[in-house]
Amino acid sequence: MKNALAWLLWIWLSVVIVGAFKYAPLAKGFIGESSRILFFHVPMSWVSFVAFIAAGVWSLMFLFGGRKPKHDRAAAVAVQLGLVFGVLATVTGSLWARIMWGAYWNWDPRQTSIVVALLFYGAYLALRSSLEDADSRARLSAAYAVLGLAVAPFLFFIMPRIMFSLHPQSVINAQGKIEVESRMVQVLLAGSAGFTALFFWLHNLQCRIESLSERKSALRDRG
Amino acid sequence: MWPRISTWAAEATAVFAKEWRCELRTRYALNTLGLFAFTTLVVVSVSLGPLGVSLSQGTAVLPVLLWVILLFSVAAGLPRAFVQEEETQTAIALRLAATPSALFCGKLVYGLTLVLALEALITPVYVAVTSLKVVSPGLLAGTLIAGGYGLAAGSTLVAAIIAQARSKGTLFSVLAFPVLLPLLLLAVELSRSAVAGDPAGVALPQLLLYDASVTVVGLMLFPAVWNP
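Protein chains in written order, with our numbering: chain D, 1 to 223; chain S, 1 to 228.
Okay, chain S solo, but in the shape it has when bound (with noise of 0.2 Å):
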């Protein structure tokens, strides 16, 4: 048992530090998240003007626009992981190398630090650009972590299923949108009580829920997205 755990881990790890070599080679997915998310943000920001909204509006609004930048940044960024083994043809021996739980695993944390180093990056500048007063931080960083993790993990999955798929660009947004359209929802409602200040409520064991739901139905479904 031990050993088999142990030879699942080591592997799960491999798949995450091959991962972050790969990205750090030629940071193509740190670049196109990072200047993505900058460059809507700007968008917003500039498209809101000078004056931004009022308080009573910013807190209904800027939450939305918070989650919209960080799901399409996501779509830019993250199918790349599974498109990518296609694309250089090296899924074959990635299937021969891993298991599928473990390789699901690892592409999942990858994904997630991705999106976690995302957030860190952009959502204190969005604050200070939009001026958001945020009532309860703790509640706004925990959100964003769970979110992010929603994010990565339904991502993960679709990315396995288009990168074998034709036009695999656009398929991703398709077929992600409404997987992650709950997950932003509940997020956009979390966060907007972040900012009032009010208490979470059920949003958020609804939020874990979806999170562990999403990982559960991965394991399970991945071994027959990956194996033909």
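Only chain D is shown next, with the shape it has when bound in the complex (with noise of 0.2 Å):
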């Protein structure tokens, strides 16, 4: 069953990517090709907030939750593959922004808030590497991204709302209307669905390799 989803998965992130080149339409406005690495910087980006959500939210679970080591080892891996996802949405980004703004990096409140969660989450790791106790390392941690979750909004939000922004509306724009041809939203919507799946696949994998890992390691120390 797990198998069969993998292969869906597989075959679901295929046809976004042969959409994203050959059935989306190029979006008007645009210099030459460049429209189409949005297809995957728009995902890239959505599934870096969701996993960082996520990581706030297991993080809370875990605080106020019965403090479970499985909701500390979610957020921690979670933050991870945000990372991951984030560096990946930076970089198409900035690729997309020397084409049609001419250099590659100019502080938009979108770079800004951007920036700052990558250096948020990179400060996570480094707090939980200097760290060498498990309890105060989970439990310091997750305090640490509940506080993020706290600040976020006034990157996310606010941030791009009172500084000049370059940075084209997003899909669905504050009217609550779609102004992008209809292709172009299906690949949108598939590829963010695709993506955010991906993350998911990758965490639970992740999780049980670093759960199974712990294991040995009580194992080992128990000789």
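Please keep in mind that the hints were generated in silico from the structure rather than gathered at the bench.
Certain hints may be false.
[Claimed, not checked] Derived pair list, reagent style SDA-like, types lysine to any residue, alpha-carbon separation capped at 25 Å:
#1 S:LYS133 <-> S:LEU204
#2 S:LYS168 <-> D:LEU119
#3 S:LYS168 <-> D:LEU125
#4 D:LYS70 <-> D:SER213
[Claimed, not checked] A few chain D positions that, by computed beta-carbon distances, are all more than 12 Å from chain S:
#5 ILE37
#6 HIS41
#7 LYS68
#8 LEU131
#9 LEU205
The beta carbon of each residue, even a glycine, is placed where N, CA and C say it ideally should be.
Both chains are sitting in their own frames, so use the hints and assemble them into the complex.
Listed below in structure tokens is the structure:
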């Protein structure tokens, strides 16, 4: 059953990748084929957003839901994967910015937000690695992740509004209207769904690996 | 209900008084913060050169430099409030003596008084040295108070986290910077408005909202951070 789901995900993402290049039309007002990178950039930034929210929720569950080690592990793995997707979103975004805006980097509010988010979760991992005791590592890093959850709205929602931005409107803009061609929306939504599923699949695998390696080291300690 | 609140207030006040008594014995934080801020200010002023910057550039650049000075001074001095408790092994006694929320508030108010004292000392010197013209001083003062509160609140919680880790000094900057950056951006925005005489706009309520949310989250998380 699990194997079938993994195969389904593989087929789904293959279709999305082909669709991004062959099925979706080019966006108006974009230089050359540059709009095609958005079919990867938008899902990557969406998944990193989901990962960081999930890490915050798992940290809350750890702190206020009985301090179960599995919640701590889930939060840490979500941050690791979220960082990978966040870096991919930043790289695809800045490649696109080079073509459209003429520079890889220009401190657009959204670029600022994602860099601060990456710094925050880098700091989270640095904090984890500098705490030796497993209990205090789980407790303190969970507290830090929840602090991040409280500060994040200021970056993600408020800062882009008060600073000047060249970033295109989100797929669904403030009026709740979809202004992108429907075949592009299909690919974007299918891609977002596919990469979100990929994230949860990787997350599940990594959590199981870490759980097994913890059990192994516990057994070794016992002799 | 009332006796509990008054015990809580007594605990918080005792923590605050203890912090200042310890501080006045060694004057460590005061000396570090004051000297660090003053040194950075001199470096900034010397680097800008005898002519300084032009009026239009000054509005854009000088508020940024002021907040950078304040941020790094805070990072140099404030973490000590908790690091010291772990180093002198007084944390256990403190855990027995005070409820976590009272302790957090006591430490927070101590940090706030320290930051406000620093701002009161540094800002006039900075304005004089860089010959910065502030059109609405009231707004600048309000920004310094609200921003200083946010700096103190964020730093207090992060300091409590890093006090229990290795490599405390560097870790504080790494952990505190992303948390304090929204505050810094808002404070710089408001200080620019104050210098130029523009209305405060939405940045002021957002700064106050930031202060409020860091306080609430701090009170919520501190028991988990403090008690093993």
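Each hint tested on the structure:
1. Our distance criterion of 25 Å between C-alpha atoms is met by S:LYS133 and S:LEU204, whose separation comes to about 21 Å.
2. The straight-line distance between the Cα atoms of S:LYS168 and D:LEU119 is roughly 18 Å, inside the 25 Å bound, and the hint therefore holds.
3. The straight-line distance between the Cα atoms of S:LYS168 and D:LEU125 is roughly 15 Å, inside the 25 Å bound, and the hint therefore holds.
4. A distance of roughly 13 Å separates the Cα atoms of D:LYS70 and D:SER213; the hinted pair therefore holds under the 25 Å criterion.
5. Every Cβ of chain S is farther than 12 Å from the Cβ of D:ILE37; the closest lies at roughly 27 Å, confirming the non-interface assignment.
6. With a least beta-carbon separation of about 22 Å from chain S, D:HIS41 lies farther than 12 Å from that chain, consistent with its non-interface assignment.
7. Its beta-carbon lying about 14 Å from the closest one in chain S, D:LYS68 satisfies the requirement of being farther than 12 Å from that chain.
8. With a closest Cβ-Cβ approach of about 5 Å to chain S, D:LEU131 is found to fall inside the 12 Å limit, against its non-interface label.
9. D:LEU205, annotated as away from the interface, keeps every beta carbon of chain S farther than 12 Å; the closest lies near 28 Å.
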